[in-house]
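Enquirer: Each chain is listed here by its residues.
There are 2 protein chains.
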Amino acid sequence: MITEQREISGSLAAIEFWFEFGSSYSYLSVMRIEQAAAKLGVTIRWRPFLLGPIFKSFGWTTSPFVTQTWKTAYVWRDMERECRKYGLAWTRPTTFPRTALLPARVALIGADKPWMGDYCRRIMQLNFAADRDIDSAVSVNEVLAQMGLRAQEIIDEALDDANKLRLRSQTELAKTKGIFGAPTFFVGEEMFWGNDRLDDALAYCQAAIDHSVG
Amino acid sequence: MITEQREISGSLAAIEFWFEFGSSYSYLSVMRIEQAAAKLGVTIRWRPFLLGPIFKSFGWTTSPFVTQTWKTAYVWRDMERECRKYGLAWTRPTTFPRTALLPARVALIGADKPWMGDYCRRIMQLNFAADRDIDSAVSVNEVLAQMGLRAQEIIDEALDDANKLRLRSQTELAKTKGIFGAPTFFVGEEMFWGNDRLDDALAYCQAAIDHSVG
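Just so you know, the sequences run in chain order E and A.
Last residue of the first sequence: 722 (the numbering used here), numbering continuous.
Last residue of the second sequence: 722 (the numbering used here), numbering continuous.
Certain hints may be false.
Identical copies go unnamed one by one, so any copy, or any two together, can satisfy a pair.
Stated by the list, open to error - List of simulated lysine-lysine pairs, BS3-like, C-alpha gap at most 25 Å:
| # | residue 1 | residue 2 |
| --- | --- | --- |
| 1 | LYS672 | LYS579 |
| 2 | LYS564 | LYS672 |
| 3 | LYS547 | LYS672 |
| 4 | LYS672 | LYS621 |
| 5 | LYS547 | LYS564 |
| 6 | LYS593 | LYS564 |
| 7 | LYS593 | LYS547 |
| 8 | LYS579 | LYS621 |
| 9 | LYS547 | LYS579 |
| 10 | LYS579 | LYS564 |
| 11 | LYS547 | LYS685 |
| 12 | LYS593 | LYS672 |
| 13 | LYS593 | LYS621 |
| 14 | LYS593 | LYS683 |
Since the hints were made in silico from the structure, they are not lab data.
Being a predicted model, the structure only gives us computed values, none of them experimental.
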């Protein structure tokens, strides 16, 4: 009985975290999700994907923050305030959105590794705090090496055809699941969009745990 | 000196609340702003306006929740969850977005009256809890009469040419201020977009008060 309850609880106590390294609001969630989830005993299932193909399927060529010019100034001001609220460093990227193909491919390798959270935060900080290009072997190598990992081995694995295909499949899955932006969270079938809903998604997880235990 | 401080504090302790009766996320803010602002000693400056002409200026013919079909199911599910979170009644409107010209014209009359908050909540509840048409003399008359007000007098004043012009000017002003959606809040020059930012906007007000008093 107890085992069964634990299994139910284990399955409900997970949050799927769909994010993209080029996305500004994904930066906020990447920086805070591990600490917030740990507090509630929630497991994170990291789901790096690419927003570009999703936007393309809507007929968009880039981020709506760029094309909806009436919104552009506001979203940058909002990011500045949000970073202050969460105590995060912030520099408006001189290139936006930055492509992040290699970082995403490496993140697929890291998704089940203990270094995933740290890796994602470092890549995000390069983009949104240091205003540096992230889609290069130099940047990714530097990050992995700073973490004491075998950088070249990981990058080689990330550039393997099988892994490239995995990223395409993951992005296709995002489309199938109805994801239209990032970050997006899933708790079971329940979808939550945007950093503003991270706490709601975690609370939803928490309620599921309480229910299965009680 | 004390007088001067109070004046500064008075001016900073106000939040401009730009909203539209057809807007679902405006519903959330209309229902909770008076209580939230009162707790912090913040004054509300009610700014009813029309979203239609704003959207038209972007080349849009209706709400993006309608045209961006990939987002439609999500936003309704989100509204359902948000209403549960705030303890608000919720019925998905069978017509969306509902036009709300007369309610907005009456709201202009009410903006400085003590009945404004109650009036706005009742109109919003007709739209988003009772799923009823709101842009009719019958609906507006019913609401005002239930509040014990001289309904016909107020409606006549709302339909006066000068008041019609005022609503057009107010909507023009929204455009000039860079408003692109509803609800939107201003604290001084600082703009906050969306019900998700209401608490941040109020906190910004609060910090301004503390600063001017301290």
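Enquirer: With reference to the structure, classify each hint as holding or not holding.
Expert: Tested hints:
1. When the C-alpha separation of LYS672 and LYS579 is checked against a cutoff of 25 Å, the pair qualifies neither within a copy, at 34 Å, nor between copies, at 28 Å.
2. Taking the shortest Cα distances, LYS564 and LYS672 sit within 25 Å of each other inside one copy (19 Å), while across copies they are farther apart (42 Å).
3. Within a single copy, LYS547 and LYS672 get their C-alpha atoms no closer than 34 Å, and across copies no closer than 54 Å, so neither meets the 25 Å cut-off.
4. Taking the closest pair of Cα atoms, LYS672 and LYS621 come within 25 Å of each other only inside a single copy of the chain (18 Å); across copies the shortest separation is 63 Å, beyond that limit.
5. For a Cα distance limit of 25 Å, the shortest separation of LYS547 from LYS564 qualifies neither inside one copy, at 37 Å, nor across copies, at 46 Å.
6. With identical chains, the CA atoms of LYS593 and LYS564 are never at most 25 Å apart, being 32 Å at best within one copy and 34 Å at best between copies.
7. Taking CA atoms no more than 25 Å apart as the test, LYS593 paired with LYS547 passes in both settings, with 19 Å inside one copy and 21 Å between copies.
8. Taking identical chains as interchangeable, the C-alpha atoms of LYS579 and LYS621 are never at most 25 Å apart, the minima being 38 Å within one chain and 33 Å between chains.
9. In the homo-oligomer, the alpha carbons of LYS547 and LYS579 never lie at most 25 Å apart, since the shortest distance is 35 Å inside one protomer and 31 Å across protomers.
10. When the C-alpha separation of LYS579 and LYS564 is checked against a cutoff of 25 Å, the pair qualifies both within a copy, at 20 Å, and between copies, at 15 Å.
11. In this homomeric assembly, LYS547 and LYS685 never come within 25 Å of each other (Cα to Cα): the closest approach is 28 Å inside a single copy and 41 Å across copies.
12. In this assembly of identical chains, the alpha carbons of LYS593 and LYS672 never lie at most 25 Å apart, being 37 Å within a copy and 41 Å across copies at closest.
13. Taking the shortest alpha-carbon separations for LYS593 and LYS621, neither the intra-copy value of 29 Å nor the inter-copy value of 35 Å comes in at or below 25 Å.
14. In this assembly of identical chains, the alpha carbons of LYS593 and LYS683 never lie at most 25 Å apart, being 31 Å within a copy and 28 Å across copies at closest.
Violated hints, listed in ascending order, are 1, 3, 5, 6, 8, 9, 11, 12, 13, 14; each of the other numbered hints is respected by the structure.
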